[in-house]
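Colleague: Can you build the whole structure from these sequences, using the hints too?
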Amino acid sequence: MTTEPNDTDAGRGGLRAHVSSAEPPRELASRVLGTLESRGLVSPAKRRGSPWISRIAVLAAGLVLGILARSAFQEQRESRGTIAVQSPIDQYVLLLYGDTPGDTGAVHVAREAEYGRWASALGAGVRWVGGHELHDVVAQFGDSTSPVGSDAPPERLAGFFVIEAQSREQAAHVARTCPHLKYGGRVIVMTVAS
Amino acid sequence: MTHDAESDEALLGRLARTGDARAFATLYERHTRALYSTALRIARDPDVAADVVHDTWVRAVESLHRFAHRSTLRTWLTGILINCQRERDRLRRHDSVDDDVSIDEIVDATSTSPLDASQLDRIDLDAAIAALPPGFRQVLVLHDVEGFTHEEIADMLGLVPGTSKSQLARARVRLRTFLESGIPRTAR
Chain U
1 MTTEPNDTDA
11 GRGGLRAHVS
21 SAEPPRELAS
31 RVLGTLESRG
41 LVSPAKRRGS
51 PWISRIAVLA
61 AGLVLGILAR
71 SAFQEQRESR
81 GTIAVQSPID
91 QYVLLLYGDT
101 PGDTGAVHVA
111 REAEYGRWAS
121 ALGAGVRWVG
131 GHELHDVVAQ
141 FGDSTSPVGS
151 DAPPERLAGF
161 FVIEAQSREQ
171 AAHVARTCPH
181 LKYGGRVIVM
191 TVAS
Chain G
1001 MTHDAESDEA
1011 LLGRLARTGD
1021 ARAFATLYER
1031 HTRALYSTAL
1041 RIARDPDVAA
1051 DVVHDTWVRA
1061 VESLHRFAHR
1071 STLRTWLTGI
1081 LINCQRERDR
1091 LRRHDSVDDD
1101 VSIDEIVDAT
1111 STSPLDASQL
1121 DRIDLDAAIA
1131 ALPPGFRQVL
1141 VLHDVEGFTH
1151 EEIADMLGLV
1161 PGTSKSQLAR
1171 ARVRLRTFLE
1181 SGIPRTAR
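In order, the protein sequences belong to chains U and G. Our numbering numbers the first residue of the first sequence as 1 and each following residue consecutively. Our numbering numbers the first residue of the second sequence as 1001 and each following residue consecutively.
Watch out, some of these pointers could steer you wrong.
[Stated by the list, open to error] For each label pair, taking beta carbons as the anchor points, the in silico distance ranges come out as:
# : chain 1 : residue 1 : chain 2 : residue 2 : range
1 : U       : Ala139    : G       : Ala1010   : 22 to 32 Å
2 : U       : Val138    : G       : Arg1122   : 49 to 59 Å
3 : G       : Glu1009   : U       : Lys182    : 20 to 30 Å
4 : U       : Gly13     : G       : Ser1007   : 36 to 46 Å
5 : U       : Leu134    : G       : Gly1147   : 35 to 45 Å
6 : G       : Ile1123   : U       : Val138    : 50 to 60 Å
7 : U       : Gly142    : G       : Ala1034   : 46 to 56 Å
8 : G       : Gly1162   : U       : Ser43     : 43 to 53 Å
9 : U       : His108    : G       : Ala1010   : 28 to 38 Å
Just so you know, these hints were derived from the structure itself, not from any lab. All values reported here derive from a predicted model rather than from experimental measurement. Every residue, glycine too, gets a C-beta built ideally from N, C-alpha and C.
Modeller: Set out below in structure tokens:
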């Protein structure tokens, strides 16, 4: 051990080479980017050519080739009188209703992270397309949809997620796992017209 | 010019002006490993460290306009990371991260000098750092591992530099004790 005085920055960074290092988890990049995109802080359209997007482009090209190959294979099967079973990919919107108690300040930050984790791990065959937290109602036009005679304020739409799933059941399953439910909110799943 | 060759400042400018995701991706690849290492050493939990790094990047991009270029981007990001980490600690424990740090610890000049780690086992050193109380661990990790100055640490932690120095001195005493006498069961 050395005997350098401690009244300066002596020893700064001295342990760096002697401690273990760790790699961040791979999925963290897409999780961060997903959150930034969902808040409009980065533009998805401008990601072409980035290191990540290069990889995604390769995957997409592989997917297109796979679809083309599959289509050719299906045509071949259909020409032989075989019925091809397809799993169409449809978009669904998950509407998150209701304010969740105590969702302010640091609690809000922690919950956002939890929602982000959930959105980045929706399961096989499901893809997160986008989503936003919704804040203030700026203006409202047209007739109220509240039941006539009801004094209850309309339930607040707190946010939405758009996902791609292979079936209604799969989309419903994803909605059942949404953390919004745990905090007393309500989630409605709707199909997106294609 | 490729994004990889551009300075942090140029990339930040592009990100702030146009939301250029390629600029963000380059910044992410440059700085995330260091941020994650710092978070992991302080939080000691890989999931928490990943959450903290996620929150750090989101908060940083949201507040790019506040980056005054007085410090390096890495120092600014690490300051945000420390704040995110502290918020999580407060949420979890409902108290201050420094509550378990004794200010009456006896410190002498010899025991507070920097450690010569060349003879130390990496695993022992990792374990000893991890066993430090949170307040000590933060300062020791930021100074002796990550290489920030006391001025920078004081800025990140909301302290005066003198407090950062005294915290580091006490942290080194505790670390030396752990390495020489073993880590007490209560510190694990």
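Colleague: If a hint holds in the structure, say so; if it doesn't, say that too.
Modeller: Now the hints, each set against the structure:
Separation of alanine 139 of chain U from alanine 1010 of chain G is about 40 Å and departs from the stated range, judged on CB atoms against 22 to 32 Å. At roughly 57 Å, the beta-carbon separation of valine 138 of chain U and arginine 1122 of chain G lies within the given 49 to 59 Å, and the hint holds. The hint said 20 to 30 Å for the Cβ distance between glutamate 1009 of chain G and lysine 182 of chain U, and at roughly 42 Å that hint is violated. Glycine 13 of chain U and serine 1007 of chain G have their C-beta atoms about 22 Å apart, which leaves the hinted 36 to 46 Å range violated.
At roughly 43 Å, the beta carbons of leucine 134 of chain U and glycine 1147 of chain G sit within the given window of 35 to 45 Å. Taken as a hint, the range 50 to 60 Å holds for the pair isoleucine 1123 of chain G and valine 138 of chain U, whose Cβ atoms sit roughly 57 Å apart. As the Cβ distance of glycine 142 of chain U to alanine 1034 of chain G is approximately 53 Å, the hint placing it in 46 to 56 Å holds. Roughly 45 Å separates the CB atoms of glycine 1162 of chain G and serine 43 of chain U, a value that falls within the hinted 43 to 53 Å.
The hint said 28 to 38 Å for the Cβ distance between histidine 108 of chain U and alanine 1010 of chain G, and at roughly 33 Å that hint holds.
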